[in-house]
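Just so you know, the protein sequences line up as chains A and B, in that order. Each residue of the first sequence is one higher than the last, beginning at 1 in this note's numbering. Each residue of the second sequence is one higher than the last, beginning at 1001 in this note's numbering.
Do not take every clue at face value.
Covered stretches of chain B (chain A as the covering partner; in silico rule of three or more C-beta atoms under 8 Å from a C-beta of chain A) [claimed, not checked]:
hint, stretch
1, 1017 to 1028
2, 1039 to 1049
3, 1061 to 1075
Derived PhoX-like pairs: lysine-lysine, alpha-carbon spacing no greater than 25 Å straight-line [stated by the list, open to error]:
hint, chain 1, residue 1, chain 2, residue 2
4, B, 1049, A, 100
5, B, 1068, A, 100
6, A, 41, B, 1061
7, A, 40, B, 1068
8, A, 100, A, 19
9, B, 1061, A, 52
10, A, 36, B, 1105
11, A, 36, B, 1068
12, A, 67, A, 22
13, A, 19, A, 52
14, A, 44, B, 1049
15, A, 71, B, 1105
Think of the hints as simulated: they come from the structure by calculation, not from any bench. On a predicted model such as this, the values are computed, not experimentally measured, just so you know. For glycine and all other residues, C-beta sits at the position ideal for the given N, C-alpha and C.
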Amino acid sequence: DTAVSQTPKYLVTQMGNDKSIKCEQNLGHDTMYWYKQDSKKFLKIMFSYNNKELIINETVPNRFSPKSPDKAHLNLHINSLELGDSAVYFCASSHLDSGKLFFGSGTQLSVL
Amino acid sequence: AQSVTQPDIHITVSEGASLELRCNYSYGATPYLFWYVQSPGQGLQLLLKYFSGDTLVQGIKGFEAEFKRSQSSFNLRKPSVHWSDAAEYFCAVRTPGNTPLVFGKGTRLSVIA
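Input sequences plus hints: build the corresponding full structure.
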């Protein structure tokens, strides 16, 4: 079983559309994250949830809205997609206060 | 705020040669230190971590890293590189408490025959 799974793996869409990326972890972790990896491979934290509560919210446009229905899920909804949103988005999970993050395999978002 | 510098963007080594990837961090105290590896099209996998204690830490796949407080460094090493080690390597730091993991910009490792 995949520990951290995110769907879809690829997402191609037009500017202005709204899209969602789903993430699920079966590791029993209490903390989940969204990271954005740009074309130069730079990884930057976007959000972190602990026990369904938002604990880290970096400077991210409010078009991005994470939602955590339960501890095992953290979805990312993006409104009014822009060209600059094209990137690979990684979901990850861990126990709080541990640096051992388990990553999903990423969602490559291409905005045309 | 803490930061991480990986000075080498791309390194090429011959199969069987030794490897050292550099990582320097900026933080007032000793942070938690990590090395992750990303194979093409994949997520990141933890190679090793340092929290405290012995400054030489062993990881998976034959990797090790040494924490040097005086140099604010946490360099990754492997005595003999295999072709399957070709990947992107990320050094990362975080401070104790509710803080995010901050990644360096990565070093791409190419392995030639």
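Please name the hints from earlier in the document that this structure breaks, with their numbers sorted from lowest to highest. 1, 3, 7, 8, 9, 11, 15
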